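Visitor: Protein sequences appear in the order of chains A and B. Using the working numbering, read the first sequence as starting at 1 and increasing by one per residue. Using the working numbering, read the second sequence as starting at 1 and increasing by one per residue.
No lab work stands behind these hints: they were computed from the structure. These figures come from a predicted structure and were not determined experimentally. Some hints here could point you the wrong way.
The list treats identical chains as one, so a pair stands whether inside a single copy or across any two.
[Stated by the list, open to error] Each computed EDC-like pair below joins lysine to aspartate or glutamate, with the alpha-carbon atoms no more than 16 Å apart:
{"id": "1", "residue 1": "234", "residue 2": "251"}
{"id": "2", "residue 1": "120", "residue 2": "130"}
{"id": "3", "residue 1": "124", "residue 2": "144"}
{"id": "4", "residue 1": "232", "residue 2": "251"}
{"id": "5", "residue 1": "294", "residue 2": "79"}
{"id": "6", "residue 1": "234", "residue 2": "257"}
{"id": "7", "residue 1": "65", "residue 2": "79"}
{"id": "8", "residue 1": "76", "residue 2": "217"}
{"id": "9", "residue 1": "77", "residue 2": "217"}
{"id": "10", "residue 1": "177", "residue 2": "45"}
{"id": "11", "residue 1": "232", "residue 2": "257"}
{"id": "12", "residue 1": "223", "residue 2": "249"}
{"id": "13", "residue 1": "238", "residue 2": "289"}
{"id": "14", "residue 1": "223", "residue 2": "79"}
Protein chains: 2
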Amino acid sequence: MKKHSQTFPCFLLLSFVILFSSCQKQVDETSSTEIILEENQESTDPLPSWNDGKTKESIINFVTKATTEGHPDFIKKEDRIVTTDNDGTLWSEQPAYFQLFFALDRIHALASEHPEWKNKQPYKSVLENDMKTLMAQGEKGILEIVMASHAGISTDEFASIVKDWIATAQHPTKKKKYTELVFQPMLELINYLQANEFKTFIVSGGGIEFMRPWTEEVYNIPKDQVVGSSIKTKYEYKDGQPTITRLAEIDLIDDKEGKPVGINRYIGRKPVIAIGNSDGDLQMMHWAESNSIKNLQIYIHHTDSTREWAYDRESHIGTFDKALDEASQKGWALVDMAKDWKVIYPYELKD
Amino acid sequence: MKKHSQTFPCFLLLSFVILFSSCQKQVDETSSTEIILEENQESTDPLPSWNDGKTKESIINFVTKATTEGHPDFIKKEDRIVTTDNDGTLWSEQPAYFQLFFALDRIHALASEHPEWKNKQPYKSVLENDMKTLMAQGEKGILEIVMASHAGISTDEFASIVKDWIATAQHPTKKKKYTELVFQPMLELINYLQANEFKTFIVSGGGIEFMRPWTEEVYNIPKDQVVGSSIKTKYEYKDGQPTITRLAEIDLIDDKEGKPVGINRYIGRKPVIAIGNSDGDLQMMHWAESNSIKNLQIYIHHTDSTREWAYDRESHIGTFDKALDEASQKGWALVDMAKDWKVIYPYELKD
Numbered sequence: 001m002k003k004h005s006q007t008f009p010c011f012l013l014l015s016f017v018i019l020f021s022s023c024q025k026q027v028d029e030t031s032s033t034e035i036i037l038e039e040n041q042e043s044t045d046p047l048p049s050w051n052d053g054k055t056k057e058s059i060i061n062f063v064t065k066a067t068t069e070g071h072p073d074f075i076k077k078e079d080r081i082v083t084t085d086n087d088g089t090l091w092s093e094q095p096a097y098f099q100l101f102f103a104l105d106r107i108h109a110l111a112s113e114h115p116e117w118k119n120k121q122p123y124k125s126v127l128e129n130d131m132k133t134l135m136a137q138g139e140k141g142i143l144e145i146v147m148a149s150h151a152g153i154s155t156d157e158f159a160s161i162v163k164d165w166i167a168t169a170q171h172p173t174k175k176k177k178y179t180e181l182v183f184q185p186m187l188e189l190i191n192y193l194q195a196n197e198f199k200t201f202i203v204s205g206g207g208i209e210f211m212r213p214w215t216e217e218v219y220n221i222p223k224d225q226v227v228g229s230s231i232k233t234k235y236e237y238k239d240g241q242p243t244i245t246r247l248a249e250i251d252l253i254d255d256k257e258g259k260p261v262g263i264n265r266y267i268g269r270k271p272v273i274a275i276g277n278s279d280g281d282l283q284m285m286h287w288a289e290s291n292s293i294k295n296l297q298i299y300i301h302h303t304d305s306t307r308e309w310a311y312d313r314e315s316h317i318g319t320f321d322k323a324l325d326e327a328s329q330k331g332w333a334l335v336d337m338a339k340d341w342k343v344i345y346p347y348e349l350k351d
Numbered sequence: 001m002k003k004h005s006q007t008f009p010c011f012l013l014l015s016f017v018i019l020f021s022s023c024q025k026q027v028d029e030t031s032s033t034e035i036i037l038e039e040n041q042e043s044t045d046p047l048p049s050w051n052d053g054k055t056k057e058s059i060i061n062f063v064t065k066a067t068t069e070g071h072p073d074f075i076k077k078e079d080r081i082v083t084t085d086n087d088g089t090l091w092s093e094q095p096a097y098f099q100l101f102f103a104l105d106r107i108h109a110l111a112s113e114h115p116e117w118k119n120k121q122p123y124k125s126v127l128e129n130d131m132k133t134l135m136a137q138g139e140k141g142i143l144e145i146v147m148a149s150h151a152g153i154s155t156d157e158f159a160s161i162v163k164d165w166i167a168t169a170q171h172p173t174k175k176k177k178y179t180e181l182v183f184q185p186m187l188e189l190i191n192y193l194q195a196n197e198f199k200t201f202i203v204s205g206g207g208i209e210f211m212r213p214w215t216e217e218v219y220n221i222p223k224d225q226v227v228g229s230s231i232k233t234k235y236e237y238k239d240g241q242p243t244i245t246r247l248a249e250i251d252l253i254d255d256k257e258g259k260p261v262g263i264n265r266y267i268g269r270k271p272v273i274a275i276g277n278s279d280g281d282l283q284m285m286h287w288a289e290s291n292s293i294k295n296l297q298i299y300i301h302h303t304d305s306t307r308e309w310a311y312d313r314e315s316h317i318g319t320f321d322k323a324l325d326e327a328s329q330k331g332w333a334l335v336d337m338a339k340d341w342k343v344i345y346p347y348e349l350k351d
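Make a model of the complete structure from these sequences and hints.
Guide: If you want it as structure tokens, here you go:
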């Protein structure tokens, strides 16, 4: 795995993204008698890595009412749709979107097939690990890198490349696998919602085909419940074999206004719970808010410079500015990572 | 509801499409003891409207092996993906795709807002119920009708219009609601597959937002498991309200090569069971066939001129020619509607 420069200037990307962990796939199984079942339910904290307080309470209250038949806020199962962002919401996103690291590694891996890249921007700066020059080339340069690293191969090949990368690549500063940098409290939240028959969807600016090879294992979220940015594809027969080839052309940017569009395209229903961490999730929140069914907005605020990263209004990744004002003003659930979360990453549980 | 001309020449469409019935949402519930459970399972025919024979046997054999742990053809739950066409596979499609009738009715309904349509083709021929002239204008004319009837409004409005129409509109010759023209044996097959933990997806040339308002109730297939043709959309705030507006621009034609593309976009996995009725489903069959997991192709052959319609190689709707040869040659499950199905429509059960 190539080493990247340690100085990452903030940068805008088209956005793209991943995860792993000891994701619990089932709620605790209870014993056979009714009494023990009830006792267990009362005594088992569904969100053990969350500190008690207003945020945790608001989530548990919402779910309890939504699943209590006869309650005015009861929600029918088919309407229990949850949409959650990925980068900065389910896993970390600093110093840059993890999918960008994938793209950079892929350019290194492909370099031998493209000797001309040595002297051609934006590839030259990637191959020289010169992030500053790369970033100076702006969105156009990044887009070229993303396309060169993501397109031109079949969907099967791409899935296999992502799988191999995610299984081995290391985060430049945390020195952990990227899928170890998922948020333990969010894994618990997904698990809790699924146990209460909410259908959980990822709705991410990250690439849909970058996420699908690992979201099932890491988050217990099926491939068909992952919504993300996409490039166009083409079906063809290569040597008689049916193949879907990835084209170097944007299909959907699943960020900002693209999130409700993606939700409508893939889910066909407004969410009742929307979870995000940045201004890029605001339109998704509004879309959930426009649901005629009772709904909940949850915002993750990165406040922990020790265990994770602390950033909001000034950050060029996961900028949380306009949405921070609106979340405070409207009383949306605002997760203060430093205060609300006992641990950040699953490996802290094992320490 | 406007009456259409009774003479429908065959026509090509971009393809688009619906259903209703006494769709059983659950498998028969069994009594409490193990013995009764086993007896029930053995004695209950999961496909009661299917005549015994090679076709029924091949389906039940496939499902039984796929769900028997330890069997070499066992399929893990997450891989149990079923994709089924809609028009001509789950409901009838003659004398024309039902969604076209919706489009024509919609043009009539909108006519008062567009006085210029009276003298302007292709609208003029629609308003005069002159199908021959309409069809003579070819795909361009049909596309204009589809766009004028499907675009320019919000997704919420469109869903509500479809719901109202499907609840009341009548088929021109059968004199039944369109959702009564679903195939009872297919409802049983969907129910049987779902009971065996297959995830059932519609993959149709029909419009995704034309199908979603009713597929849940009629087929017990959730909105997010419906894949179809789509037009582009735009997220915006109208009077401060979040709105998704339908644009008059094609996004995906989910037919032929578009079917594997749609499957990859929405599901991210190859099917293990693919069901269709026309040459337009052939690429979907090949995509399923390229699955490394054991898979099954099912083709519905319209052979019943009395109870439904009989057509195949020469039909301009649901043309079944190249695929008929390939199905026979490869030994795919070929459903002979006249021979294999005891009843066609659910209402026959009540007669």
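Visitor: Run every hint past the structure and note whether it holds.
Guide: A quick look at each hint next to the structure:
1. 234 with 251: For residue 234 and residue 251, the Cα distance is within 16 Å both inside one copy (12 Å) and across copies (14 Å).
2. 120 with 130: This pair counts as within: shortest intra-copy Cα distance 13 Å, inter-copy 61 Å.
3. 124 with 144: within (12 Å within a copy, 49 Å between copies)
4. 232 with 251: Classified as both: same-chain Cα gap 5 Å, cross-chain 11 Å, threshold 16 Å.
5. 294 with 79: within (10 Å within a copy, 34 Å between copies)
6. 234 with 257: Between copies, since 8 Å is at most 16 Å while 26 Å is not.
7. 65 with 79: Close inside one copy (14 Å), not across copies (34 Å); limit 16 Å.
8. 76 with 217: Close across copies (14 Å), not inside one copy (28 Å); limit 16 Å.
9. 77 with 217: So residue 77 and residue 217 pass the 16 Å test across copies only (14 Å; inside, 24 Å).
10. 177 with 45: neither (29 Å within a copy, 50 Å between copies)
11. 232 with 257: between (19 Å within a copy, 13 Å between copies)
12. 223 with 249: neither (22 Å within a copy, 28 Å between copies)
13. 238 with 289: Answer is between: at 15 Å across copies they meet the 16 Å cutoff, but 47 Å inside does not.
14. 223 with 79: Close across copies (10 Å), not inside one copy (20 Å); limit 16 Å.
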